[in-house]
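Undergrad: Starting from the structure of chain A, add chain B where the hints point.
Protein chains: 2
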Amino acid sequence: MAQTNETEKKPGPLSGITVLDFSRVLAGPYCTMVLADLGARVIKVERFGTGDDTRAFGPFVGVDSAYFMCFNRGKESISLDIKSPRDRELLERLLDSCDVVVENFRPGVMERLGYGPERLAKTHPHIVYTSISGFGHSGPFSELPGYDMVVQAMGGVMSLTGWPDEEPARVGTSFGDLGAALFGVVGILSALYSRTRDAQGARVDIGMLDCQAALMETALARYDVEGVVPTRTGDNHPSLAPFETFMAADGKFVICAGNDTLFLLMADALGSPHLALKAEFLTNDLRVQNRQQLVRDIEAITGTQPMQHWIDALNEAGVPCAPINTIDRLFSHPQLLARNMIVKVKGEGERAVRTAGNPIKMSTLSEVDPEVPIQSPALNAHREAILEELMASNGAYAPTTHDDGDVDDTGPDALYQAASAV
Amino acid sequence: MAQTNETEKKPGPLSGITVLDFSRVLAGPYCTMVLADLGARVIKVERFGTGDDTRAFGPFVGVDSAYFMCFNRGKESISLDIKSPRDRELLERLLDSCDVVVENFRPGVMERLGYGPERLAKTHPHIVYTSISGFGHSGPFSELPGYDMVVQAMGGVMSLTGWPDEEPARVGTSFGDLGAALFGVVGILSALYSRTRDAQGARVDIGMLDCQAALMETALARYDVEGVVPTRTGDNHPSLAPFETFMAADGKFVICAGNDTLFLLMADALGSPHLALKAEFLTNDLRVQNRQQLVRDIEAITGTQPMQHWIDALNEAGVPCAPINTIDRLFSHPQLLARNMIVKVKGEGERAVRTAGNPIKMSTLSEVDPEVPIQSPALNAHREAILEELMASNGAYAPTTHDDGDVDDTGPDALYQAASAV
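In order, the protein sequence lines correspond to chains A and B.
Start counting the first sequence at 1; every next residue gets the next number (the working numbering).
Start counting the second sequence at 1; every next residue gets the next number (the working numbering).
One or more hints might be untrue.
Mimicking DSBU-like on lysine-lysine, the simulated pairs with C-alpha atoms at most 30 Å apart in a straight line are [stated by the list, open to error]: (1) A:K344 x A:K10; (2) B:K10 x B:K346; (3) A:K346 x A:K10; (4) A:K252 x A:K278; (5) A:K10 x B:K122; (6) B:K10 x A:K122.
I should point out that these hints are in silico values taken from the structure, not numbers from a laboratory.
Quick caveat: nothing in here was measured; it's all calculated off a predicted structure.
One chain only, chain A, in its complex shape (with noise of 0.2 Å):
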C-alpha cells in the first residue's frame, strides 16, 4: 500500500471538489470516475476486506479486477467500519469537508445508517448530496430492485433494440447504468454551480427508470401523435434511405446518404451514377418505400470491392459512413488514438489495462489528459494519509490505525450488512 496521498489539488475544472463515494459497482462509480476525470478528489468508502463487489468480477490482470480498474481510476480508498465510535468520528469529518456525497444503496439504506438526505441537509447543508437508485427515492416502485436490465426492459429501450422480426435485445452497454450515471453528473455540477451563489447544498435524486425515459428520443412523442406503437428496425432509419448496413467483399458497413444531395454523391462514389437516376429511388420517400430493391441494388455494387475501398471512396464524396467496429479495432482507430481515447490504469500490481479515456476535451483540461497511466485504488490505501491529513487539520482528532485483520474478526460491518441485502 504505497500509493501516495492524492491532497494536493489534481488540475482540472472541478479541481478543488472533494466527492465521498460510497458507491459500488457501475452506476455510481461510473458517475464520481466522471468528476475525477475532471479533476474532483474522489474519496471512495468501502467495506472492510472485501471493498466493492467489483474487486471480484473477472477478467483479472494480477491481483486486480479490470472492471474495478476501469470505473476507479483515479479515487483513493478508504475502508470504513461503520459499527466503530472511531470510524463514525472519521466520516463525520470527511463529511464536514467533501462537497459532494454520491451513492447508489436502495433507497433507505443510508437512513438506516444514520447518513441519509434528511440528516445531513441539517447537519452539513454544504453538501450536494445524490443517490442513483433503480426508481428514485419517491413513487410506487422506489423499494424495488432496480438493475440495468430491469430498466432497459422496463424503460422502452429493448422494445426498439434488435431485428422486426427477432426478439427484442439488449442495448449491447449498460446503457441503463450509464445514462443515469451522466445525468447524476449533470444533476451534481448544477448543484455545485447554485451553491457558488446561495451556499445552499441540494439533494440529487437519480432513478434510472426515469433517465430511461428522458433517452428514448421522440419515441414517446411519436406514439401520443400517431397512436402507432414504435417498434424495432433492426439496423435502418425508419424514415430515410439508404441509412443502413450494406455488405462488402469482406464484411458490412453503414451508410447514411439520408438526403437526395447525399444519394448522388453516394452513387457517384459507388461508381453507378445510374442509381440516382431511377425512377424509384428519385425521392427519399421513394427511396423508403423501395429499400429492399434499394439495398439489392447496392450491394449488388457494393459486393465486389472489400470494405475499405467504399469507405475511403464515399469519405472522399463527404457521404457518410462506417464499418461496423469490433472492439478490438477501436485500439489502433486512429481517430480514438489522435483524441487520446485510449488511456491506461492501473492498478495494484505493475501491468496497466487499456480503456476509453475522457471524452470531454476541455481547454482547461489538456494538462489531464494524461499520458501516464491513472491509478485505481488498492482497497483502503489511502487511510493513513486520510487520517494524517485529518490530524493536521485538527490536532484534537486522534485517529487509529485500522487494518483490514482488526475488523475481519468482528464480521462484516453495518454498512455493508444493510448494503448487501440491496
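TA: Coordinates of chain B only, in the frame set by chain A:
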C-alpha cells in the same frame, strides 16, 4: 408570435445562465434542452425562413413538429441574417451577455462565419464555447460527417447489440447523439463551475465517437486482458444466469437473479423451490454453463400464467424483474407518472404533445418540474423582446425590425449556407 419574453430569471440551479444556441437537429438541441430544464435561458439562433431542420420533421401536431417540440421546449428563438451588418451587431451584443455558446456544425463552419472559438476566446473570454461534432475538432477524422448511426457503427456498440446469430443491430434510440449531448452538458457545467473561481471561460470540444468509446463499459478492458473480441449476447448477461427474458403465457419479461440468494428467492416465487436444488443449477457458474436447460425449465413454469402474475410474485420476493414495455405503456407507468416524467410540450398551436420530462430530480428543482405544458418557440418568436431588452440595457443600440419576408428576398443567409453543407 404572441409568446412572451422570458427575460425574468427562470427557477432552477442554472437560473441566470444564458446559452446562445446555434445548434440544430439532435445532439446540440438535446444538450441545451437539459440546460433549459435546469433553469438556463436558452436563446436559439435559427436561420430565417425555415429555422432548425427538425421544424420540418414529422409527425406534426397542427403546424408544429413533434420532433422540434420535444427538444426545444422552454427555449427562445431568434432568426439572424449573418450577412446583415445590423444582425451581426445584434449577435455581438448577444455574445456579450451570454455565458455559453453551443454549436454542432461541422468543424470550420463557425470559424468561416467569424464566430470560431479562437476569435471568441479573444473577444469574449468569459464564454464557455461548446462544439459537438461527429469526431471532435482535432484528429484525422475531424472533417468527416458523423451521424448517430455512423458513430454507433464505428464506436463498437452495434457489434455488441443484437443476437449472436443475427446481424448487428442499431441501439433503438440515438445513443450516439444523446451520449454526446450529455457529455457536452457535463463539460459545460464543469466549465461554468470553474469559471466562478477564475473568471475564465473554456473551450469544450465533444466528439460523438469519443463518447461512444467512453460508453463501452468494460468491453475494451476485457478485450485488452483476455484477447477475446466481445460480441452480441441478445438478451442475456454473458456471465450471470438467470439474467435474461422469459416467456409468460402472454408475453416476455425479464428476470435478473444473478446470485445464489436471488436464485433461491426466484425459485420460491415461481412456486418451484426444487429448481434451486438441482445439481446443475447450484451455482451461478453452473447456471451459466447450463443456461439453455435453465431457460427451458423456467419457461415450463412461467408459460403457465400471465406475466403480471409472475412479476407480482417476484417483486414480492425482492427478485429484480420487469416486463419488456413497449413505448405506449410508458404513458401510464405508475412510477414515471409519480416522478412527473411524462410532461406536455406546446408549440405554436394549442395542442400539446407528451414526451419525457427532466430525470434530474433536485430539491431546488421542485418548482420547475412543471404541471403545465412547456412551450417550444415559434421561429423568431423572441426577436422583438430580445431587441427591446438589448435597447433597454444600452440605449445606443438601434434595432431594426426584421421579419422573415425581408430575408427570404435575399436568399439563404451565409450562416446556414455553410451549415447546409454539413
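Undergrad: Against this structure, judge whether each hint is valid.
TA: Consistency of the hints with the structure:
Between K344 (chain A) and K10 (chain A), the direct Cα distance comes to roughly 18 Å. Compliance with the 30 Å bound is thereby established for this hinted pair. The suggested pairing of K10 (chain B) with K346 (chain B) holds, with an alpha-carbon distance near 18 Å, which does not exceed 30 Å. Between K346 (chain A) and K10 (chain A) the CA atoms are separated by roughly 18 Å; this keeps the pair inside 30 Å, and the hint holds. Taking the CA atoms of K252 (chain A) and K278 (chain A), the gap is about 24 Å. The hint holds against a cut of 30 Å.
At most 30 Å may separate the alpha-carbon atoms for a hinted pair to count; K10 (chain A) and K122 (chain B) meet this at roughly 27 Å. Using a Cα cut-off of 30 Å, the hinted pair K10 (chain B) and K122 (chain A) holds, with the two alpha carbons roughly 27 Å apart.
When each numbered hint is compared with the structure, no violation occurs for any of them.
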